[in-house]
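Chemist: Line by line, the protein sequences give chains A and B. Counting along the first sequence from 1, when you hit position 15 you're at 19 in this note's numbering, and nothing is skipped either side. Counting along the second sequence from 1, when you hit position 61 you're at 45 in this note's numbering, and nothing is skipped either side.
Bear in mind the hints are in silico, worked out from the structure with no lab data behind them. Glycine included, every Cβ here is placed at the ideal spot set by N, Cα and C. Keep in mind that a hint or two might mislead.
As the list claims (entries may be wrong) - DEER-style ranges, computed between Cβ atoms: (1) A:R7 <-> B:S41: 17 to 25 Å; (2) A:S32 <-> B:P45: 40 to 48 Å; (3) A:G70 <-> B:P53: 40 to 48 Å.
Unchecked claim - Away from chain A, derived, C-beta distances all over 12 Å, residues of chain B: (4) I(-12); (5) R26; (6) Q39; (7) R56.
Okay, here's what each chain looks like letter by letter:
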Amino acid sequence: AQRVTQPEKLLSVFKGAPVELKCNYSYSGSPELFWYVQYSRQRLQLLLRHISRESIKGFTADLNKGETSFHLKKPFAQEEDSAMYYCALSEKGGGNKLTFGTGTQLKVEL
Amino acid sequence: SQTIHQWPATLVQPVGSPLSLECTVEGTSNPNLYWYRQAAGRGLQLLFYSVGIGQISSEVPQNLSASRPQDRQFILSSKKLLLSDSGFYLCAWSPGQANQPQHFGDGTRLSIL
């Protein structure tokens, strides 16, 4: 069965420091991976997806099939990056079902 | 553009009472629809999903049920609520094509007394 693991419940960094939110997955096929973010008092929203290979709000994520990882990175953290981040894996087949990790709370301190 | 509406935002219900949470999507046709429960420290658990009217797939056995009476309407129900049904419920939609991202509503905070 597929699985998404986010080992850190809480990650605290100082403003301007690099950020790396870890995500590992297990899946028997070719994965489709996403990062979602939930800012305080806002709805859960898509941050980026691996197939787009884009940078959103300074964040990037590279799929490493050898390490089965999809870590989210940003070179310089900003205070507004403080939020809950979820990694998610899309199942093949009908329904576009997602398997979510348990989430990492990122706190950027001044 | 597409929008998703979910209501009510908060609900307090006594044990044993019925439940109906509603979710509607605008600006798209034949979306996939989803109900999740979000628990602190446990991520999002998929409860039900639907790929079309009247088509419901249940992911976990529980006291809840879902229905899709119209193309863009998804309802989460229970005949008799249990204390363990308390939680934060999220509705989401995605386009019908494969590997498309999901888009979430604001959620409903359900408290059972």
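Chemist: Hint by hint, note whether the structure agrees.
Modeler: Structure-based check of each hint:
no., hint, in the structure
1, A:R7 <-> B:S41: 17 to 25 Å, "20 Å, holds"
2, A:S32 <-> B:P45: 40 to 48 Å, "25 Å, violated"
3, A:G70 <-> B:P53: 40 to 48 Å, "47 Å, holds"
4, I(-12), "9 Å, violated"
5, R26, "6 Å, violated"
6, Q39, "10 Å, violated"
7, R56, "16 Å, holds"
Violated hints, listed in ascending order, are 2, 4, 5 and 6; each of the other numbered hints is respected by the structure.
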